[in-house]
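Modelling step: build the complete structure from the supplied sequences, incorporating the hints.
Numbers 1 to 127, taken from UniProt numbering, label the letters of the sequence shown in order.
Where hints are given, some of them may not hold.
Said to hold, decoys possible - Each computed DSS-like pair below joins lysine-lysine, with the alpha-carbon atoms no more than 25 angstroms apart:
#1 LYS118 / LYS97
#2 LYS97 / LYS57
#3 LYS3 / LYS97
To be verified - Just the calculated beta-carbon pair ranges, DEER-fashion:
#4 ASN108 / ASN7: 40 to 46 angstroms
#5 GLU113 / MET1: 33 to 39 angstroms
#6 GLU85 / THR122: 32 to 38 angstroms
Worth flagging that the hints you see were computed from the coordinates, not collected in a lab.
Since this is a predicted model, take the numbers as computed values, not measurements.
Where is the CB? At the ideal position from N, CA and C, for every residue including glycine.
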Amino acid sequence: MGKSLLNSGRSIYTSLCEWVDEDLVTWAQNIGNSWRTTEDIEDNWGSMTSRADENDKWASYAELVHGMVNPDMLEIGNGGITTEEYRSHMSIWALVKAPLLIGVRSMNNVTYELLSNKEVITINQGT
Numbered sequence: 001m002g003k004s005l006l007n008s009g010r011s012i013y014t015s016l017c018e019w020v021d022e023d024l025v026t027w028a029q030n031i032g033n034s035w036r037t038t039e040d041i042e043d044n045w046g047s048m049t050s051r052a053d054e055n056d057k058w059a060s061y062a063e064l065v066h067g068m069v070n071p072d073m074l075e076i077g078n079g080g081i082t083t084e085e086y087r088s089h090m091s092i093w094a095l096v097k098a099p100l101l102i103g104v105r106s107m108n109n110v111t112y113e114l115l116s117n118k119e120v121i122t123i124n125q126g127t
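Here you go:
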């Protein structure tokens, strides 16, 4: 299925979730656009920073193959940490070229500004 989606000629995002399969980088790029590198993130500083640290050992593979390493979704706006900590969260995910997936059901202006910062998105997407 993954190969069919990649060859469909359409822009389809496929994310694999095998968490920390040590061999994932040898096959994931042939099937999907991104692959999880960590367990599920929680909306707190310790969880976010530990996911960033865990993801770091896989980050170089995103440059070598087609796809993105995925330390899990952004928690921005879910209320568990401060605005400055969310700013760090967005910056780290942008720098490692992680997919910027959001899971917030509603957002205030601060959350919207953090998630829609064009300069940060440009860094993430290399445009």
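Hint-by-hint comparison with the structure:
Restraint check: the Cα-Cα separation between LYS118 and LYS97 comes to about 14 angstroms, which is no more than 25 angstroms; the hinted pair holds. With a C-alpha separation of about 14 angstroms, the suggested pair LYS97 and LYS57 falls inside the 25 angstroms cut-off, and the hint holds. Proposed proximity of LYS3 and LYS97 is supported: the alpha carbons are some 23 angstroms apart, at most 25 angstroms. At about 41 angstroms, the CB distance of ASN108 to ASN7 agrees with the hint of 40 to 46 angstroms.
As the Cβ distance of GLU113 to MET1 is approximately 38 angstroms, the hint placing it in 33 to 39 angstroms holds. The hinted range of 32 to 38 angstroms is not satisfied by GLU85 and THR122, whose Cβ atoms lie roughly 22 angstroms apart.
The earlier numbered hint that this structure contradicts is number 6, and it is the only one.
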